[in-house]
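Q: Sequence:
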Amino acid sequence: MSPGYRVRPMSEFDLPAVMELERALFPGDAWSEDMMRSELAESTRHYYVACRSGGAAGEDGPVMAYAGLRAVPPDGDVQTIAVDRSWWGRGVASALLTELLGAAYTRGVREVLLEVRSDNPRAKELYRRFMFTEIGVRRGYYRDGVDAIVMRCSAPAAAIARTRGGEPSEALEFGEPVEGAGEDEEKA
Numbered sequence: 001m002s003p004g005y006r007v008r009p010m011s012e013f014d015l016p017a018v019m020e021l022e023r024a025l026f027p028g029d030a031w032s033e034d035m036m037r038s039e040l041a042e043s044t045r046h047y048y049v050a051c052r053s054g055g056a057a058g059e060d061g062p063v064m065a066y067a068g069l070r071a072v073p074p075d076g077d078v079q080t081i082a083v084d085r086s087w088w089g090r091g092v093a094s095a096l097l098t099e100l101l102g103a104a105y106t107r108g109v110r111e112v113l114l115e116v117r118s119d120n121p122r123a124k125e126l127y128r129r130f131m132f133t134e135i136g137v138r139r140g141y142y143r144d145g146v147d148a149i150v151m152r153c154s155a156p157a158a159a160i161a162r163t164r165g166g167e168p169s170e171a172l173e174f175g176e177p178v179e180g181a182g183e184d185e186e187k188a
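Start counting the sequence shown at 1; every next residue gets the next number (the UniProt record's numbering).
If you are wondering where the hints come from, they were derived from the structure by calculation, not from laboratory data.
Treat the numbers as computed from the prediction; the structure is a model and nothing was measured.
C-beta atoms are modelled at their ideal positions from N, C-alpha and C, and glycine is treated no differently.
Among these hints, one or two may not hold up.
[As the list claims (entries may be wrong)] Label pairs and their computed distance ranges (CB to CB):
| # | residue 1 | residue 2 | range |
| --- | --- | --- | --- |
| 1 | Pro-74 | Met-35 | 24 to 32 Å |
| 2 | Pro-27 | Gly-140 | 13 to 21 Å |
| 3 | Glu-20 | Arg-122 | 20 to 28 Å |
| 4 | Asp-147 | Glu-111 | 15 to 23 Å |
| 5 | Ser-11 | Thr-106 | 26 to 34 Å |
| 6 | Glu-125 | Arg-52 | 22 to 30 Å |
| 7 | Gly-61 | Ser-154 | 34 to 42 Å |
| 8 | Asp-60 | Ala-24 | 31 to 39 Å |
| 9 | Arg-52 | Arg-23 | 17 to 25 Å |
| 10 | Ala-24 | Val-146 | 15 to 23 Å |
| 11 | Glu-12 | Gly-136 | 30 to 38 Å |
| 12 | Glu-134 | Phe-26 | 15 to 23 Å |
| 13 | Val-146 | Ser-43 | 14 to 22 Å |
| 14 | Gly-4 | Arg-138 | 31 to 39 Å |
Kindly produce the complete structure, drawing on both the sequences and the hints.
A: Okay, here's the thing in structure tokens:
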């Protein structure tokens, strides 16, 4: 059964759709297009989009989610995960996080950090399923004064294997969406 989308690397061609989502989902904290373009240009950054599948002649449909990773081995950082609200709860954020952790692992990253809004329980639960643990708080981190919870995953390959029901040795194949991932949330 197809999940209705596919994950692929982000290109500059995707920027208009990504920026539209960025502004809609994070009106107070949205990155500028220049910031996003700069991220894409960095060799240590790895961005992905999720596109609706089933387009004409097998082409991708519209971008409905995106995510980014900063990978400077042995450390990594989830820069962002964002999913169009109409796609929440369909495993899209899980698929993107799987892709990010796979990219981290294959680039020699052994520890992945992220910040998540303290008032976003769905996102925190998504990260817990991927073996992220809370390690600190950044008080007033977001523009609206909300704290950020700092989380860490010390075993990217094991996190992927765990969420797929496999063993760590099976975690070397990445790129397919996680089916049946359940409820997930979208912006860290």
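Q: Starting from the hint list further up, note which numbers the structure goes against and sort them upward.
A: Hints 5, 8, 13 contradicted; others consistent.
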